[in-house]
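These protein sequence lines are chains A and U, in that order. The first sequence begins at 2 in the working numbering and counts up by one. The second sequence begins at 2 in the working numbering and counts up by one.
Each hint should be verified, as a subset may be incorrect.
You can't tell identical chains apart in this list, so a pair holds if it fits in one copy or across any two.
As the list claims (entries may be wrong) - EDC-like cross-link-like pairs, simulated, lysine to aspartate or glutamate; straight-line CA separation at most 16 Å:
#, residue 1, residue 2
1, K255, E278
2, K14, D294
3, K158, E147
4, K158, E286
5, K34, E195
6, K158, E307
Calculated from the structure, these hints are not laboratory results.
2 protein chains.
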Amino acid sequence: MMAMDERARHLLKSLIEQHIANGVPVGSRQLAKGAGLNISPATVRNVMADLEDEGYLISPHTSAGRIPTPVGYRFFVDALLRVVPLSPESHQLLIHRLGHYIPDTEQVLHAATEVLSELTHMAGFVRVPRRANRTLRHVDFLALREKEVLAIFVTDKGDVENRLIRTEHALSAAELNQAANFFNESYGGRPLQEVIQHLQRDLQQSRHEMDRILRSAMELGEEMLEEDQQRMLIEGEFQLLDLPELAGSERLRKLLNAVRQKRDLVHLLDSSMRSSEVRLFIGEESGFAPLSDCSVVSAPYVVDGEVLGVLGVIGPMRMPYQQIIPLVDGTAHLLGRALSQS
Amino acid sequence: MMAMDERARHLLKSLIEQHIANGVPVGSRQLAKGAGLNISPATVRNVMADLEDEGYLISPHTSAGRIPTPVGYRFFVDALLRVVPLSPESHQLLIHRLGHYIPDTEQVLHAATEVLSELTHMAGFVRVPRRANRTLRHVDFLALREKEVLAIFVTDKGDVENRLIRTEHALSAAELNQAANFFNESYGGRPLQEVIQHLQRDLQQSRHEMDRILRSAMELGEEMLEEDQQRMLIEGEFQLLDLPELAGSERLRKLLNAVRQKRDLVHLLDSSMRSSEVRLFIGEESGFAPLSDCSVVSAPYVVDGEVLGVLGVIGPMRMPYQQIIPLVDGTAHLLGRALSQS
DNA sequence: TATTAGCACTCCTGATGGTTGAGTGCCAAG
DNA sequence: CTTGGCACTCAACCATCAGGAGTGCTAATA
């Protein structure tokens, strides 16, 4: 496999751009014209044949022009792509949706998901912040009824989570108050993680009724950390229905169901939290079968110097990367900013 | 339009059953055989022609047998349908999923949605309980940060809702406590509706800082009532992708997007809360364009003698009503029971 | 030596047309 | 009123064909 010369690179770039724009295989004649070089179709054919040998292109059938392979796309984005700045309109819209103060975290995340989906006409997602390092702000225990206690947790960022706890005996409001006070005094301001560890240790042996409540509360705290490992917002999956290349409905159904299940996707994305840049998964690179016809563009978002989560879009391999990349990047930045205010 | 004789009714019933089973138009030969009557195809043809004249059947094209019209389905379910009891397996599964105690309301509702979707292979939905008549249990105000207060509402059934409120001046924990105490004492145990009305009146003129918090809290309460008008769970929309009759993807996309938007659907269903029985909307009867190819089977669920919400399924007109109806009915009953325990 | 024109070949696409089979409507006989 | 018979219709299937786009190869060219 020999290195590509300048002309071959240019042709590959031009071919992929054309294919992204039209979605149909590109032939030598059309490419010769579109590339701007003064070159005959025959020459182009030679070059294309070489590129096919090297794995960048493939023809769907004998006489149908050529389309990029995943390898071709990969080379394209790594070596050929020139990212264009965000269009003023898109930027405008981004600012409009994410630029001003929104007090509710949940709302901000939704806004980000929506705006991604809207601007790209593909599926947008936001992986929600891990709360692992959040600290416990406040706990409340309310006797809802005989033998049922409602526990409410509040973290320093204002996340609220609640859960019903059944007790064996009825507990008075005073007792619950006392438990809450104990909890708040001992653990208020401490990281959730730590609170749970402490509780786990302290409650090992004791079997008092009141301790049962604390233990349940601890479980709730654990759930807040756990559940959250899975959380993810997705918007606009249905935009994918419009893609002709995914029209074979069997395939698409699999994908949509997979998106629904989200778990594996979460897995994939967590791996990309480590990078601090926009990341691209093209086709099989995601290592996630139902996505093998698609690309994923993701970027982590950062609040106060710390990566909180990932966001991005899912779409066909043939997506306008030059625009998607800055868009995802920009959204990530704005989301980071929006969240750092809250 | 003359009344149908016994034989015609039998044939119509048989035809619709066959069509529900196979999804293809039914011809005279097949119907003659399937109906069990000793009758020739020619006779059947005469009857079918009559049924077509009267609007119960239609042929997709000249020589393709006949399929039921919405009118046909309507007549079928009203006059011909014999509902079969829930199959033991389905009943088993229902009990298993909804029969035992689950403390968390949200979880119960989800379980109901899921089980509907699973057993029918169609889209299942649950319209969530209105909280209008719930009473206020407890309110908390927490100073989250300078000039930001987190308000937490708890209703008597353990629903928790929260919201960030920005204030103009910083407020001390003591002040907030005082406000919360005031709130709890004045309004604890009162219906939310009433609380809001009172607040609305009491706060009309005053402009104190603390009142601003109360006013924001009132808005939150209003939101709890409002937002909730829209809430709805849907599960298994993707099952609809499997239906050949909806395969024309354009149409389906519209439907799925509509389902996504839920609003109009909520509207439709609220109207069916008034009935205390299973209700059927066939095709256009729903008055909701994207659903015109579909039927909706819904039933209200009742807790302590009061209708809390609606649940049901969305599927093709050609659905096995004899089984779907008791299933929806049974699910509604079980959900009512499950909720009355909590 | 790299480029290009020419040419034969492949294969998709869309149009055409014939055949088949399911199904109908109608009529005349039972 | 029912039924067998019959002509007719129409979608679905299949084969065929022409057209066009595109290719690979070869030989001429700059």
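Structure-based check of each hint:
1. K255 - E278: neither (29 Å within a copy, 36 Å between copies)
2. K14 - D294: neither (20 Å within a copy, 46 Å between copies)
3. K158 - E147: between (32 Å within a copy, 12 Å between copies)
4. K158 - E286: neither (36 Å within a copy, 48 Å between copies)
5. K34 - E195: neither (65 Å within a copy, 74 Å between copies)
6. K158 - E307: This pair counts as within: shortest intra-copy Cα distance 15 Å, inter-copy 38 Å.
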